[in-house]
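Peer 1: Keeping their order, the protein sequence lines are chains A and B. Convert by adding 700 to the 1-based position in the first sequence; the result is the number in this note's numbering. Convert by adding 700 to the 1-based position in the second sequence; the result is the number in this note's numbering.
Be careful, since some hints might not be right.
A pair holds if it fits inside one copy or across any two, identical chains being indistinguishable in the list.
In the DSS-like style, the derived pairs of lysine-lysine whose C-alpha atoms are separated by at most 27 angstroms in a straight line are [to be verified]:
(1) K739 with K917
(2) K763 with K796
(3) K905 with K918
(4) K739 with K1154
No wet-lab data here; the hints were simulated from the structure.
Here are the chains, one letter per residue:
There are 2 protein chains.
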Amino acid sequence: MSKSMGLYGQYRERMRRIADLRNANAVLQWDQETYLPPKGAPLRGQQIATLSEAAHELFIDEKLGALLEELASAADLGEDEKANVRLTMEDYQKLKKFTPAFVRQLSLASSKAFHAWVEARKSNSFAPFQEPLAAMVQLKREEANILGYQQHCYDALLHEHDKGSTTAQLDRIFGELRKPLKEILAEILKQPAPDTSFLHQFFNKDTQWNFGVEVLKKMGYDFEAGRQDISEHPFTISFSSKDVRITTRIQENDFCHMLWSCIHEGGHALYEQGLRVSEYGLPLGEACSYSIHESQSRIWENNIGRSRAFWNHFYPLLQAQFPQQFDPVSMPDFYRAINEVKPSLVRTEADELTYHFHVMIRYELEKKLLEGSILTADIPSYWNEAYRENLGVVPPDLRQGCLQDVHWSHGSFGYFSTYSTGSLYAAQFEAAMKNDLGNLGELIEQADFEPIHKWLNSRIYQFGRRFTSEELCNKTSGKPLQIEYFAQYLRGKWLPH
Amino acid sequence: MSKSMGLYGQYRERMRRIADLRNANAVLQWDQETYLPPKGAPLRGQQIATLSEAAHELFIDEKLGALLEELASAADLGEDEKANVRLTMEDYQKLKKFTPAFVRQLSLASSKAFHAWVEARKSNSFAPFQEPLAAMVQLKREEANILGYQQHCYDALLHEHDKGSTTAQLDRIFGELRKPLKEILAEILKQPAPDTSFLHQFFNKDTQWNFGVEVLKKMGYDFEAGRQDISEHPFTISFSSKDVRITTRIQENDFCHMLWSCIHEGGHALYEQGLRVSEYGLPLGEACSYSIHESQSRIWENNIGRSRAFWNHFYPLLQAQFPQQFDPVSMPDFYRAINEVKPSLVRTEADELTYHFHVMIRYELEKKLLEGSILTADIPSYWNEAYRENLGVVPPDLRQGCLQDVHWSHGSFGYFSTYSTGSLYAAQFEAAMKNDLGNLGELIEQADFEPIHKWLNSRIYQFGRRFTSEELCNKTSGKPLQIEYFAQYLRGKWLPH
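Using the sequences provided together with the hints, build the complete structure.
Peer 2: Structure representation (structure tokens):
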């Protein structure tokens, strides 16, 4: 073994240990959302904080820094090894910038803001949230300064969720996207609205659960390397690519909640299960970015899961499970119902077209808050005006308005835009996949997802964090991210000739 | 704040951190036994090992040692604080004795012995287990030497499970116990055996589960500070006294499995839920010993849970759940069936009287193995002869013979005897409780367990590890441990006049 490989082994061992602590912490978080008894919550919060600190301390250990320095100048490492070292060095240098005092301050501010947000929602009043949120915004500004940026302070936070992402890039993309979205939406709203009432009948919970599990199995989610449980908000969490768990929520009077959460989380989970276990704890064993992760949930949820081909296969199976509810409903009527487009107030319940107005509103708002051109006190009126202007709806209360998302209270600024770029990447990947596989619709119609897995694996999963979202997009589709694929996808779906 | 209280705060903070890591690890273990998908097992094993190491490293940190030194000579600490410091110092000095190399060696040997044990059971052959077990015995001898002992090397291992416990004490106790056990057993076997066939009808799983939960609630197990799940082997595990979980197993053709595991684990869990949360991570917030823990499961399972008074309350409720199965069975017949005494081969299925022969056989065998007066190769013949002599039964195969317990493969030597001393303590505590509360049977008959909880709390739970088992017994019952209470209990149950 060369000296470099010996050092690499030491580096790898340190990273494995850090990953073990982080993944153990993820188990505690999963348990917190699924099975934790109520009185256990306060001490669980403390246990999670302790594990975070322990993992952080291991990561910023100067011995790791010294190892990385030595490895960075080693000439005889392979490509994978070099990429891991380079990316870990970036993470190391970034985390080193944060003093323990700042991390604690952020954590306290987040805890305070979260409770204030809960309080504000309860009383339908923005007042309790205003000050704590302002303190959070101030800290995020400081964070941006610590991280550093070239043009706009918001760039530093965007970069955290999607390396290389900037306001310049997003201003352009959202600017371009707005026009076709408005046009297509106007066209759709001229057509009669579909009947969706049959989606709100009574659907037995167990039957829903079983149908969701069947869909997940067909999608290729490996239940031997994961499991599904119930939680308040559906999520995907990974403890290694051999244990990737998802959760769902079931409503007996709304079949769609369970269905779309299964497919959406299933898409996230396929990505995590597809990461290389040999790179456990290393950047090449981690997902590329929030945007690319979201592209994987959305390509399954929307591009595949809301397609005619998909339901040509699954609708008869669904009818067999719910004959009373669905036997009277034709496949075209079902398809139209699950693809209803309708401007609405709440982001998480929005259709795949108007969804992006919700994102753009939040993106603009965050940018303005960060640069200080509006204050937290301005949020309610800004929000309502933006919704009126973009979607023609005005929230009747704050819970359905500017208090609907938990993100800001957690200090998650720069997150929302990845939901939109995720959709854009999904459309661009779908086009590339079609190009490569040809008969995509036929495969989906036969629920023959194996070629799709192979494609996603060879074009996306296997690289881990080696490329940025933009690089991966170029590599996979031959072009940088552009809105035209998504616009084409929308037109193809809603404006067929 | 005095200087000592400042130091005590630092000590407490370190202990809290260690407890957070250990409890996080317990969550990983709980998950491993309940919900872990199969492919997640190898990396989970690694994550658990990493957390164990991290907690161990924090514990043997010399800064903790220095703090303890300073605190040990502080005069102005309260009684609780002094006890915590004294007991932590004992733990610290003990753990310091083990080199990382020895700990790793033990862990490897245990892993090897466990797999060999599984292999041996599969092939019903002792050969694969013989060498790995011999290696384990040798390591346990070394461990005893590292820990130190006065008379017998086995004492060091007994002490690990029950501080102060020695072969001299156990030889005396088991020597005394053997005689009344034999006499009472002989008397019982003269009587006609009860009919137990009705316990082996079909019992719906959900109805069993619900009945078990009802019993647990009545016992006072707090489902807001714990939960029950299904696992292969029932166990109790604590992540803090506000999150104490139990598991059970349900067999549809044997009602008793679920029932006794619920009550047994419920007894363990009441103890853990009763520990002081203010002493989280400190010795006074931990259970006294394996023996006392077992006394708490057994006092509920046997002294209370198999009593006439208990079933005078619960049998009508049970009949209401399983009318077809139990309406034809009278309460006296049911009571006799659940208290059947019958020599048998497998410890975990033994009745509460013959159980102790199983323990005594293992105790003698472990002692002889440790001192080297028999070798692992001798185990099968020694075992069969001991069963023939003590219980009049001879195992038809090794799975029902000397390969039935997992303990030795894990390196758990000195554990089995606590199962018996647990029963002895339970009987002695029950007598003390009767003395204090007077109308114990009446309370049980009304399922009015509140006074029992209060008694257990004030006499046992609240002290944590402040006293040894022996000291606690003296304090609670006014006498050292003696077999006469248990013998009386057995006579009262099976030889009534």
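Peer 1: Among all the numbered hints in the text so far, which are the ones the structure does not match?
Peer 2: none
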